[in-house]
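Chains as they are written, first to last, in the working numbering: chain W, 731 to 1054; chain D, 130 to 489.
What follows is a list of derived Cβ distance ranges for each label pair:
| # | chain 1 | residue 1 | chain 2 | residue 2 | range |
| --- | --- | --- | --- | --- | --- |
| 1 | W | V987 | D | D284 | 36 to 44 Å |
| 2 | D | S345 | W | G857 | 28 to 36 Å |
| 3 | W | N1036 | D | G217 | 23 to 31 Å |
| 4 | W | K1040 | D | P378 | 19 to 27 Å |
For the record, the hints were derived by calculation from the structure and aren't laboratory data. Beta carbons are placed, not taken as given, at the ideal position from N, Cα and C, and that holds for glycine.
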Amino acid sequence: MELDFACRYPFTEEGKQAIIENNIQVNDEIAERAVQRVLNAMNWRDKEGRGIYDPTYAHLSDKLTEIGSYGAARMMLSHLRNRYLTNSFAVGEAKRAYAFLKGLEEGHPDIKRLQEEFGVVPEKREGKDTLPLATYVKFAPRSVDYRLVNRNVKGGRVEIRKKGAGVSKREDLRLLQEAIKIRVGHLGTIKNAPEIIRKHSERLMKSMPKVAPSKMSFEKGDNPPCIEKLLEAARLHQNLGHQGRWSLAVYLINKGVPYEKILGIFSNFPDYDERIASYQIKHAINRNYTMPACSMMLSYGLCVANCKVKSPLGWDEWKKRKRS
Amino acid sequence: MEEKEAKLVLDSFSGYYKSAEITVPSIEQREFGVGGFRKKIEGRHMGFGTNGMLHNYLVQDTPLYISHSIAYYKFPEATPMENKEWMGGDLVFDLDVHAGMFLSEAEIEGVKNDAVSLLEDFLIEDFGVEKKDTLLVFSGGRGFHIHIKSPQFRDLGGDERRELADYVGGVGLNYEKFFEAPDENKRVWGPRKTDWGYRGRFCRFLEKVLDDDPSSIHRGLKKPQEKAKLHSCMEDGNWSKTPIKDIIPRLRAVAERMKIGTINVDSGVTIDTKRLIRVPGTLHGSTGLIAKKLDKIEGFHPYHDAIAFGSEPLKIRVLENIGEQEFCNSTMGKMEKGEEKEVPMSYGIYLLLKGAATLS
Ligand code: SF4
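Same shape as in the complex, but just chain W (with noise of 0.2 Å):
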C-alpha cells in the first residue's frame, strides 16, 4: 500500500523514503524510464488520463522502477539546468497527480496525506472550507476565478470551494496541485552527474519534441507592460491561465504576427500541446476576437501598470505621443 502511495505521488516524503528503504539505484532500466516520463510530462494529456501509470496490481520490481525513474528525472533536469524542460516536467507531473486525485471521494486519506504535507489542509471558519491566506495567494492558480479581491476573505482566512452549490471544480485539489508543481519544479544542483544521468541526458535532450522553443524578436519596450509580462512567461516557460494566454493570441492575431510565429512563442508553455494550441490560435484568428480592454485585462489580473489607454492595442500611439 505504502509503496503504491509512493507510486503515484513520488515526490512525497513517502517516495523520498521508498527510494532510501528499497536502496533504489539508478540503472538502464530506470533512466529508460525517467527519459519516458519527462517525456510524457510534455505530451501531458488529462483527457481521459490516458498513460497514467497504475500501481495497483503491478510487480513489485515494476513499483520500485516507477519510484526510482522519478529521482533520475529529477537529476537529470538538474544536470541539464533547462528551464523548458523543468517546467514541462513539473506541470506534467503536477497534473498527472491531479488526475490520480480527482477520481477519489472527498476526504480520502491520500488527499488527505498530501494537504497535510503540502501545508494545504482546508479547515472551518464558520462553515466554510478555509485555507490561510498566504498559502492561498501562493498557491491559487494565476486565473481570474481564483483572484483574491472577488474571495471571501475574512481574518487571514480564505474561501476554498468544493463541488456543489454551482462550484464545478475541486478548488482544494487545484491548489494541492499547484502546490505540487511548484515543488516538483525546486530543484537542487548537481555538480558531478554520475555517467549513466548524463549518458541518458542527452539522450532526453535528442528526444525532445521538435517544435522548439522560439527565439522571440521582440524588443524590451515596444509592447505594453501587460503584453511584455505575458511574452516573459513565455520566454521562461512559465504556465500561464487561459485569460493570459488567450488575451496574447489575441493581441499578437492584431498584431498581424503570422499563425506559425504565434504558435511558435506558444511552443514555449509547459503543457504545451501543439493540437490544442493550433486550435486555439485559428479559432481566434477566424473569428476575429476584439482585444480585451484594459479594465478586462485588469480584472483578469493582468493588467500590470497604469498606462493612459483604454485597451493595450492603443498603447503604441499613446507610447509614441508621449515619447515626442
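We have chain W already, so just place chain D with the ligand on it with the hints.
Frame of chain W, contents of chain D with the ligand only:
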C-alpha cells in the same frame, strides 16, 4: 541648493541624529541605501552590523535620505542582487498624496482615514494581521507606510504580494464573479450576507440601497414582497428566487458604490520584494520631517508632531509667495516673494529643502 544651505541642513540633521534613538530590527540582514541633494538613492548595497554603527554613520556621514530594504538578506552588501541571498521580506503598504508644497488639511485627513481603514478593515479584519506585527510610520513626506512583520507573509513573492495590494485597492474587483454560472437545476448561486470581504460588503451595500432607493435597481422592488425575495437571495445565496431576470447587470451601480471603500495604495511598493523604504525615525530629505513611528494616528499632525528641530529662529529669504501655514504648533504668516524673515528652524529647513527659500 547652495553650499551654505546644504551645510546648515546636514549639520542640523546630524544634530538631530545625535540624540535620536533609531533601531532597525534585524539590522544585520538589511540592505541600506542613502541619498543626497541630487538623488533620493545615490548609493545602495550598504550594510550595518549593529544599530550602534548605524547611529555613528548618521551622526558623522549624515545622509539626506536613508532607507533600508524591506527584505532580509544573508549578505546584504553583496552585489549583484542575486548574491545577497534573499531570505524574505516585510510586507509594506505605501499611502501617498500627490500634493503641492504643503499637504492641505483635507489631504491630511483623507490619507489618515485611508491609513486607519487599511489597517483596521483590510489588514486586521480581512488579512488577519495582528496589531503587534504592524508598524505605522509617517513617511516624512506625503503619506504613511505600514510595515507588516508577520512571518506568514515573509516569503511571498512579487506576484503574490500583488494579489494582496490589488485586494486592498479593489483592483480587478468584478462583482459578476461573485455569481456562479447556473447549475444543473438552472439555479444561480451568488453572494450572501454572511460572506466575507467584498462579497459581504456587496450584500451590505445592496441592503442599504434596498432600504433607501430600491427602484434605482428595478421598479418592482418597491413592492415589499419583491424586496423580501431579494433579501432572501442574500440569505442562502440562491439568487434564482428573484423574478428579475437581469438582476446581475442591474446591480452594477451597487458594485460601483462598493469601490468607494477601497484604498489607493502604491502597489509598486508592495510588490517589490527588494524595495528600499525610509528608515523609521530618520529624516526625510525633502522636508526635514521625521519619518515617525506612530502608536496611533488619531491626533497626529505631520507639521506639528513630526518636527525634528527646535524653534530657534532661522533667517531666510523666500523665493516665491507662500500662504499662511500651520507648522510647529502655530500659524506661520504669509510671505511675499523676496521677503526676508526669521522663522522657526524646522519651518525654515522645510522651505529650504523645498527650494522655496534660501538663507539670507
Ligand atoms: S493599462 Fe492596459 S496596456 Fe497598460 S498594462 Fe494595463 S492592460 Fe496593459
